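Chemist: Residue-level listing of the chains:
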Amino acid sequence: MSQLAELQQAFCDALRSPEMPTDALLDAIVDDGLNLQRFNVYRNNFIVLNGDALADMYPVIKRLVGDEAFRVLATAYVRSHPPQARTLLLYGDQFPAFLASIPELVELPYLADVARIEFAWTEAYHAQEHPVLTEDQVSSITADAFGQCQLLPHPTLHCIGSDYPIYSIWQANQSCETDELISLDQGESYVIVLRPEIDVEVSTVSQGAFHFLKQLQSGAIIEAAYEVAIEQDSTFDLGVFLTQHLLDGTFFQINS
Amino acid sequence: MNDAIPSLRSASALVPSRAGAGLKAVHYQDIIDNQPDIGWFEIHPENYMGRGGAPLRYLERIRSDYPISMHSVGTSLGSHQPLDTKHLDDLKYLVDRFQPGLISEHLSWSHGYEWFTHDLIPLVYTQASLDLVVDHIQQVQDRLQRQILIENPSSYLQFKQSDIPEQHFLVEAAKRSGAGLLLDVNNVYVSCSNHQWDIEEYLAPIPAELVGEIHLAGHAVQALGNEQVLLIDDHGSPVCTAVWELYRNCIDRIGTVPTLIERDSNIPDFATLYNEVQYAEYYLRQSKEVNRVSTC
Ligand SMILES: [Fe+2]
Numbered sequence: 001m002s003q004l005a006e007l008q009q010a011f012c013d014a015l016r017s018p019e020m021p022t023d024a025l026l027d028a029i030v031d032d033g034l035n036l037q038r039f040n041v042y043r044n045n046f047i048v049l050n051g052d053a054l055a056d057m058y059p060v061i062k063r064l065v066g067d068e069a070f071r072v073l074a075t076a077y078v079r080s081h082p083p084q085a086r087t088l089l090l091y092g093d094q095f096p097a098f099l100a101s102i103p104e105l106v107e108l109p110y111l112a113d114v115a116r117i118e119f120a121w122t123e124a125y126h127a128q129e130h131p132v133l134t135e136d137q138v139s140s141i142t143a144d145a146f147g148q149c150q151l152l153p154h155p156t157l158h159c160i161g162s163d164y165p166i167y168s169i170w171q172a173n174q175s176c177e178t179d180e181l182i183s184l185d186q187g188e189s190y191v192i193v194l195r196p197e198i199d200v201e202v203s204t205v206s207q208g209a210f211h212f213l214k215q216l217q218s219g220a221i222i223e224a225a226y227e228v229a230i231e232q233d234s235t236f237d238l239g240v241f242l243t244q245h246l247l248d249g250t251f252f253q254i255n256s
Numbered sequence: 001m002n003d004a005i006p007s008l009r010s011a012s013a014l015v016p017s018r019a020g021a022g023l024k025a026v027h028y029q030d031i032i033d034n035q036p037d038i039g040w041f042e043i044h045p046e047n048y049m050g051r052g053g054a055p056l057r058y059l060e061r062i063r064s065d066y067p068i069s070m071h072s073v074g075t076s077l078g079s080h081q082p083l084d085t086k087h088l089d090d091l092k093y094l095v096d097r098f099q100p101g102l103i104s105e106h107l108s109w110s111h112g113y114e115w116f117t118h119d120l121i122p123l124v125y126t127q128a129s130l131d132l133v134v135d136h137i138q139q140v141q142d143r144l145q146r147q148i149l150i151e152n153p154s155s156y157l158q159f160k161q162s163d164i165p166e167q168h169f170l171v172e173a174a175k176r177s178g179a180g181l182l183l184d185v186n187n188v189y190v191s192c193s194n195h196q197w198d199i200e201e202y203l204a205p206i207p208a209e210l211v212g213e214i215h216l217a218g219h220a221v222q223a224l225g226n227e228q229v230l231l232i233d234d235h236g237s238p239v240c241t242a243v244w245e246l247y248r249n250c251i252d253r254i255g256t257v258p259t260l261i262e263r264d265s266n267i268p269d270f271a272t273l274y275n276e277v278q279y280a281e282y283y284l285r286q287s288k289e290v291n292r293v294s295t296c
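Line by line, the protein sequences give chains A and B. Here full-length UniProt numbering is used: the first residue of the first sequence is 1, the next is one more, and so on. Here full-length UniProt numbering is used: the first residue of the second sequence is 1, the next is one more, and so on.
What the hints contain is simulated information worked out from the structure, not anything from laboratory work. Note that the structure is predicted; figures quoted are calculated from it, not measured. Each residue gets a CB set at the ideal place from its N, CA and C atoms; glycine is no exception. It cannot be assumed that every hint is accurate.
What the hints assert, rightly or not - If we take Cβ atoms under 10 angstroms as the criterion, some of the chain A residues that face chain B in the derived model are:
#1 30
#2 33
#3 46
#4 52
#5 129
#6 147
#7 149
#8 199
#9 202
My request is simple: use the sequences and hints to build the entire structure.
Modeler: Now the structure itself:
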């Protein structure tokens, strides 16, 4: 390994670590008695710059745990998951799973699922442009053939299911003024995140609709997707669902 | 975004010798609605490397009204590792699509390992690292088919191994690669203070004709023990008086080049940032006037 490679790798190791930098690294820095403090500016920048990117992506999580706790979580995340890309646009993709793995957060079991909404929001925000399904495309399909078609959800669609009322929690924390109390007894929720045009939309759907969409996403034909949905949720009404969503941007294409 | 306001102009690519501002997402709508009289905007291309969505649409709209420059933070010119060809492709795509008048990158590295620091780490200034940086700059220029500008960094530490003064390293790197320089006046001030370098000595070897752009920004002051301080280049406050003074000296010496007010944290509303841009605009006009009179 070249000397430069060695130095850069040692520097990176020390940036990421909470421990004292090695003597070898400190020896490489011009020493005016302040070389440790000088190095620590970089260590601090590394944690703060990347932690700020995480805070931008997860404003609701930050509100839910508070600024102090978020800073502690962000520091731990930046150290354990240093950025893998040259842009920070999607930095924090592992944060929901990271939150789920923290023992101190077991009292907030909904946190990871709320974080999934926030990540999906950002991913949809930066996703490639795709057209939405139009009436013309639908009218080319005969009623008999409809059930055998693949109905493809819009590529920006994310489906997030949770045992907790994550939609209400996410919604209530969109502004800073709220002090609304949300009972966890509200139970499960089924959230979809979508960006048909320029704005990201977050909404809830019924359990049946949720499973229907997930089946369609994995390429199932309409009939097969419906069968799974009705099995999960006997109240699912396909006609009502399609009247509302077939042409509202939820879908991308229909293939016979 | 407000699609109702059609673009009125189709701005030239050329970045004029005026003051510009860093383009911030929180200001997009304000700029589109109010069409401020400002010379140009600067972006970090890495913020537009998503595959679609609002940022690219806003940029398209704003680019139709103003020239832009692209100030990259992700190529890691000083890295011991090879440059990332995928990143250069992404950069080339944005350059072709948005036609920036100027393209710049930092003399630093951020990719020392498998992962990225997203902070600009200083180089060891030796002949070996100079060869490496020259090669990397040439690769970027070859891929973009354009000259780029290299920015003098702000730094908080120096490596013992360095045996070439930073300013000579910069000038050599630019001359050998055919690049220009982006002179960040705040970085000069910050680094000279942090390392007790002499500002005059730093600036003296920099040839005026190499400087294609100037940056101005604010810095923070961090107290250390023994009454010493480190200046932290956080782009989080207005440009300080001493840096304005240094800026005026610089433009009187090297000429009036496009000047950017950088602001990356504690971002104020656009009107406040615009006021600061007007200071630079005023000094540029004054300097032009002085030079015109003296050459008559
Ligand atoms: Fe700069």
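Chemist: Answer holds if the nearest beta-carbon of chain B is closer than 10 angstroms to that of residue 199/A; otherwise answer violated.
Modeler: holds (8 angstroms)
Chemist: With 10 angstroms as the cut and Cβ atoms as the points, is residue 147/A at the interface with chain B?
Modeler: Interface hint status for residue 147/A: violated (32 angstroms vs cutoff 10 angstroms).
Chemist: Can residue 149/A be said to touch chain B, with a Cβ gap under 10 angstroms?
Modeler: violated (27 angstroms)
Chemist: For the hint on residue 33/A, just tell me whether its beta-carbon gets within less than 10 angstroms of chain B.
Modeler: holds (8 angstroms)
Chemist: Does residue 202/A meet its interface restraint, that is, does its C-beta lie within less than 10 angstroms of any C-beta in chain B?
Modeler: violated (15 angstroms)
Chemist: Less than 10 angstroms between beta-carbons is the criterion; does residue 46/A satisfy it with respect to chain B?
Modeler: The hint holds - residue 46/A has a Cβ within 10 angstroms of chain B, the shortest such distance being about 5 angstroms.
Chemist: Should the interface hint for residue 52/A be scored as holding, given a Cβ-Cβ cut-off of 10 angstroms against chain B?
Modeler: This interface hint holds because 8 angstroms falls under the 10 angstroms limit.
Chemist: If you take the shortest Cβ to Cβ gap from residue 30/A to chain B, is it below 10 angstroms?
Modeler: holds (4 angstroms)
Chemist: At a threshold of 10 angstroms, is the proposed contact between residue 129/A and chain B supported by beta-carbon distances?
Modeler: holds (4 angstroms)
Violated hints, in rising order: 6, 7, 9; the structure is consistent with all others.
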